[in-house]
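Trainee: If you want the building blocks of each chain, they are given just below.
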Amino acid sequence: MKKFLFSIITVSLSGVLSAQTGAPYIHDPSTIAECEGKYYTFGTGGGGLISQDGYVWKGGAERPGGGAAPDVIKIKDRYLVLYSSTGGGLGGGHYGKIMTMWNKTLDPKSPDFKFTTAQEVAASDGFEDCDAIDPGVLLDPTTGRLWVSYGTYFGNIRLIELDPETGKRKAGNQALDIAIDCEATDLIYRDGYYYLLGTHGTCCDGVNSTYNIVVGRSKSVTGPYLDNLGRDMKQGGGKMVVAAENRAVGAGHFGRFIVDEGVELMSFHWEADFDMSGHSVLAIKPLIWVNNWPKVGTPIKSGVYEIESERRGYALELAVDFQRLEQERQFFWRINPDEPIKSLEAQKLSDVEKKWSKGTIAVRAGDYMNRPHQRWKIEPLTSQSGYLGSPYFKITIDGTDRALTASEGFSITAEEKFSGSDYQLWRIEQLTDGTYRIMPKKVPGVDGINKKYVIYSISDSNPILGEYDFKSDNSKWNFKQ
Amino acid sequence: MLLAGGVSAQNPIISGQFTADPTARVFNGKVYLYPSHDIPAPQGQRKDWFCMEDYHVFSSENLTEWTDHGVILNQKDVPWGNPNGYSMWAPDCVYRNGKYYFYFPDGVKEGMGFGIGVAIADSPEGPFKPVESNIKGISGIDPCVLLASDGNAYIFWGPGRCAKLKDNMTEIEDDTPSETVKFGDREFQMSGVNCLKDSPSRQAEGPFAFEYNGNYYLTYPYVRENTEVLGYAMSKNPMGPYQYKGLIMKEHASGCWTNHHSIINYKGQWYLFYHHNDYSPQDDKRRSVRIEKLFFNPDGTIQEVKPTLRGVGIVDALSKLQVDRYSSASNDVKINFLDTTDRFLGWEVTLDKKGSYVTFSDVDFSNIKDGYFTAAVKANKNTKFTIREKNSSGKIIAGADVICITEGQFKRDYSGQYLTVTAPLKYTPKGITDICIVCEGEAVTVDYVQFKNKEKYFSEPKAAESKPDKDGFLKRWLLLEPITNGINTNVIFVDSYLEKTFNEANYLKLFDKVPVNNQKVKYGNQNLIWHKIDSENYNVKLFRFAESYNKPVYGVLFSAVTEIYCDKEIADVRLLAGSNSASAWYLNGEEILLMSGDRRMVKDDCASKVVTLKKGVNVLRGAIINGPGMSDFCVRFVDKKGNAITDFTIK
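Just so you know, the sequences run in chain order U and R. Sequential numbering from 286 applies to the first sequence in our numbering. Sequential numbering from 76 applies to the second sequence in our numbering.
Extracted from the complex, chain U is given alone in its bound form (with noise of 0.2 angstroms):
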C-alpha cells in the first residue's frame, strides 16, 4: 500500500483555487465535453483547451471558423460545434452568423478528427436589434429538441431550433426573442424549468471588467424567461448566479457540466484571474441549486474544518479515548456575577496526542466537541494531477502528519504518515443541494480509479466505504470552522 512514498507532493498555499492550472488561458470557454476520457472547451478565436485529468488544462483543441463564443454537444455519437463567423462589432458591424458543424471526435490526434463543412443556422444582417454571435446549445432532455440562444448586447437575444439530425436549422423556424442586453447566453433543463443564462456587466476589461452571469427560467423553452422577481429578461431581468470574487473578477460564458446525479459543474472564464496575472482564465466550479435556482457553489479550500455527517450531525473523528478537559466544578446557583469574566482554552493537540496509539488508527462519527481528533486539515494537492475542476487533498488530523486513507475492507482509517499514495488522495465535491461527497482516487481492492466510494454513514457512528446515493444523507457532509 505505501509504494508512493517518496512521490513529491507540494501543496497549494494560497489556499485560493479560483482557476484551474496548467495553461487555461481561454475567453468565453464553450460547455465542458468529454471525448475518449478526455476534457475539451473551445473559445473565442479558435483553438482550446485540453485536459487528460479535467484539472490541468493545456491549449491543443482545434476548431476551425475563428468567430466568437462557440458551444459544443455530443448527439448520439458526434459532436456539434457551434461558432459564429463573423459579427460581435469588433471593427465591423452586427452582422453574425450561427454556423454548426460535426465532428466524430475532438481529439486533433485521432484519425477520425473531421469537421463537416459548416453551415450557417441563424444570421443578422448588421441593422437588426440582434448580432447573431455566441451561440449556446440544449438539447431538451424531455423532447429531444435542439435548441441554440444566441446574441449580445446589440439588441436581443434569440432563440431557434435545429435538426439534431443534421445540425441544420429546422424547416419553417422562426427566430423568437427572449432576452435583451445580454452576452454569450446559455440555455439548461432541469426539473421542468428552462433556464436561459446570460452575461451581464463590462467585459474585456481585465481587472476592471464587471462581467457577471445571471438566469432567469420558464416552464417553456420559448420563454418568457423570468428572475426571481417575476421580472422578464427582455426587460433586463436577472437573478445573479455568479459574480466576482476577493481574487478573481469578470465571470463570463455559462456551461453547465453533470458529473453525477447531484454532482454538477459549471464552467465559465474569469476576465483576469489576480493570482494569474490578471489573464483571462478557465474556472470550475460547482454548481448549486437553490429553489430551483442555479447558484455557484464553494469548492472546498484548504483549512481545518470539522467533517460533519449530513445523517446525524456527528463530527468525523480519530477512535481514541475521549480525554477529557479539566474545569473547576461550576454551580450556576452559585455564579458570582461581579467576578471577571475568564476564557476557557480548548484542548491542544499536545495535551492529547500522546495517549493515542502508534500506527493506524480507525475512524468514526462522534459529537462534535472541537477536539483535536476531531480537527481535519484539508490541503490541495495541487502540483498534481486532478479531477473535473479540482485537485486531489489531502485530509490530515490538524497538526500531524496522520492522514485519512481508503483501507481495506471498504475501511476508513487515519495512517500515521501521509505517504502520497492514492488511498490517502481525496476527491471532495459539493453537491447540489450544497452538502459535500468525499472519495478517495483509489479503493483497495478495487481496479483503477474510484468514481463509485464515498465515505458512507452505513450507521451514524460508523462510516465506511459505500456506494455514493444522492439520494441518501448518507453520502453526504459538510465542512464547517
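There may be inaccurate statements among the hints.
What the hints assert, rightly or not - Mimicking DSBU-like on lysine-lysine, the simulated pairs with C-alpha atoms at most 30 angstroms apart in a straight line are:
#  : chain 1 : residue 1 : chain 2 : residue 2
1  : R       : K643      : R       : K542
2  : U       : K524      : R       : K486
3  : U       : K453      : R       : K453
4  : U       : K455      : R       : K529
5  : R       : K429      : R       : K381
6  : R       : K395      : R       : K505
7  : R       : K122      : R       : K174
8  : U       : K586      : U       : K633
9  : R       : K545      : U       : K504
10 : U       : K399      : R       : K453
11 : R       : K626      : R       : K459
12 : R       : K395      : U       : K455
13 : U       : K504      : R       : K716
14 : R       : K453      : R       : K465
15 : R       : K715      : U       : K524
16 : R       : K428      : R       : K501
17 : R       : K527      : U       : K453
18 : R       : K531      : U       : K455
19 : R       : K368      : R       : K325
20 : U       : K453      : R       : K395
21 : U       : K343      : R       : K486
22 : R       : K465      : R       : K429
23 : U       : K524      : R       : K684
24 : R       : K575      : R       : K545
Said to hold, decoys possible - If you want the footprint, here are the derived chain U segments under chain R, 3+ residues with CB under 8 angstroms:
#  : segment
25 : 481-487
26 : 518-530
27 : 663-677
The hints are simulated quantities; they were obtained by calculation from the structure and are not laboratory data. All figures in this text were calculated on a predicted structure; none of them were measured in a lab. The C-beta atom is built at its ideal place from N, Cα and C for all residues, glycine as well.
Given chain U's structure and the hints, the job is docking chain R onto it.
Mentor: Leaving out everything else, chain R in the frame of chain U:
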C-alpha cells in the same frame, strides 16, 4: 409541402432537384407543373444517359414561389412498365369529365420500346392511380393531349404523330389510321397521322399542341444542325395538315443537346416553359426548368423567345433577389457557382470594374415602407456599389461600402470572404420597377440582395396627450439629437464624472425650458434639433432615434424631456429607471436620481428619492450618456408599495 428551393423568381425555377420536359397546365386558377425528374444514375444504370424513376408535381400562383407536392408516380407502381427502366420521360396532365388524366411514357415490361400510360386522379396533386395497361396502338414517348374546341381530345406523341382519344381518355379511336414507316432499312407499323410530314422534323420529339385564336399550333423540338431547337407549325385542324412557321427558341448556347417545352396562358400572359442544364453544366442529361414570357405577332405567328437567367414573375423586394439571375448586364460580368460541390446553392455574379452592372427586372417595392437593404458580397479590395432604379445611371436607391480589409485596433482581412452589408434606403421606388446593381469601385461579387423594413421604434405623436402604459412607463418624449462627445468606453461613468459632465458648459440649460417639436439648438459647435416622439416600446430606444436622423450612435449624450400633468398632487412617489448606459434624472429642476457605471437596460434598475408630483405640470428631464452600446432607457413612477402610477397625462 415543401417550397422547392425557396423563392425561385429566377431561372431555373426549381432548385434542390433536377426537373426537365416541363408541361405546365392551369387548373383551378393555379399553374401546375408536371416535369420529368432527372436523377444521377444509380448503380447499374448508364451514367451518361437520361435517368428518371418518378414524377413530382409542383404548383404556383405567381410563377415565383413553387410548392413541391412530392412524388405522384413511381416506376414501380406502373403495372405494365419496367420497374427498373428509369425511363419515366416527358409527361402531360389534362382535366376532363371531372378527372385529372396524367399521361406518361415508360419502358414496357415485356419486350422493347416505350408505351404510353394513363394515371387518373381527382385532384391535380394526385393521388394518381395508373390504368392497368398502356394505350393500345401507341408505341413511343412524350405524350401531349389537346382538348380541342371541336369537343374532341387528341393525343400527340413522339415525332409529331396524332390520334383521337375515345371519351374514356385511355384508348385511341378504333378507326385510327395507321401507316408503315421506314427507319433506315427497318419498317414499322405506326398508328395515327404524322402531323409533321411537311415540316422540318429531324429527330423531332416532345410535341406540344395548343389552340389559340382559331389556330392550332404544333410546337416541338427538333435538330436543325447539331442540337435541338424549338420549332412550330400551324393548322386550322387539330390533326393537320400543319404548315411549318419557324423557331420559338434557338439551340442552347451552352450546347445542352435537348430542349423540351410547353406553352400556357396564365392571367392574360403567355409563357414558355423549357429546360436547360443550369445546375449540371458538365452533364446535359440533368436538366432544370426555366420560364420566359412568350408573345404572338398579329398574324398569329410566335415571336422567337430569348432565354434569360431572370425568368419571369414579379418579385417582392422583401425576398432574396438572386441578382446573378439578371435580366441584362454589362458585357464584362461573370457568373460562377457558389459551390461546385452543391450546385443547387446557385450562383454569384462578379461586377468586374467601376461601371459594371446587372439589371434585375420587376421588383415590387410596395411592401417597403421605411427600408434598408442587406446584401451578401465579397471583394478582394475595399470597394463600393450602388443599387439604382431602372438602369446603371438611374436614381440611387441605396449604396454601401464593402470594407473587407481594415487597419488599426481591429485589423482584419476578409478579402475573398462573403460579408453582409447593409444600408438604409436613400430613396424608395414606388410599385414595380427594375433595379440595377452597379459597381462603383474595385471588383465586387454579389450573391443576393434583399430589401427589408426597419423595425418601428417611434411614431409621431398624433393624440394631444399620452398616458403612461399599464406598467406606468412614460412613452412620450422630446428627444434631442445626440451631442457627440467622443467617449469610447463606459467604464469612466463614475458619479463624479457624470456630475461634472452634466453640469459642464451649462448643459442642463439646454432644456431648462421645455422645448417644442423641431426646435433647433446649438451646443458648442453642434447644431441639434429636438424631436417629439411616442415610443412604440416601454423602453425608449435612443440608439435607433439617433440612427434615424443619421446621427452618431456611440460616444454620445442624449437629452430627454417630458411634461407630466396631474389633476391633483401625487405625493410620496419614486422614479424607477433603467438605462443603457449611465444617466441622471431631474424633476422640476432638481436632480432626483443618478445612475452611474456601465449600465444595462434593466427595468427598475434604480430608484429615486421620494418626490412629489405637484398638481398641474411637472417637468421630467433625463441625460443619458453612452460610449459603445445601444442607448435606451425606461422610466416610471411608483407609489410606496411599488405600484405603478398611471393617473396622469403626458403632453
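Trainee: If a hint holds in the structure, say so; if it doesn't, say that too.
Mentor: Here is what the structure says about each hint:
no., hint, in the structure
1, R/K643 - R/K542, "holds, 16 angstroms"
2, U/K524 - R/K486, "violated, 37 angstroms"
3, U/K453 - R/K453, "holds, 24 angstroms"
4, U/K455 - R/K529, "holds, 26 angstroms"
5, R/K429 - R/K381, "holds, 28 angstroms"
6, R/K395 - R/K505, "holds, 19 angstroms"
7, R/K122 - R/K174, "violated, 38 angstroms"
8, U/K586 - U/K633, "holds, 23 angstroms"
9, R/K545 - U/K504, "holds, 25 angstroms"
10, U/K399 - R/K453, "holds, 27 angstroms"
11, R/K626 - R/K459, "holds, 22 angstroms"
12, R/K395 - U/K455, "holds, 19 angstroms"
13, U/K504 - R/K716, "holds, 28 angstroms"
14, R/K453 - R/K465, "holds, 24 angstroms"
15, R/K715 - U/K524, "holds, 24 angstroms"
16, R/K428 - R/K501, "holds, 23 angstroms"
17, R/K527 - U/K453, "holds, 24 angstroms"
18, R/K531 - U/K455, "holds, 28 angstroms"
19, R/K368 - R/K325, "holds, 15 angstroms"
20, U/K453 - R/K395, "holds, 20 angstroms"
21, U/K343 - R/K486, "holds, 28 angstroms"
22, R/K465 - R/K429, "holds, 18 angstroms"
23, U/K524 - R/K684, "holds, 24 angstroms"
24, R/K575 - R/K545, "violated, 36 angstroms"
25, 481-487, "holds (count 3)"
26, 518-530, "holds (count 4)"
27, 663-677, "violated (count 0)"
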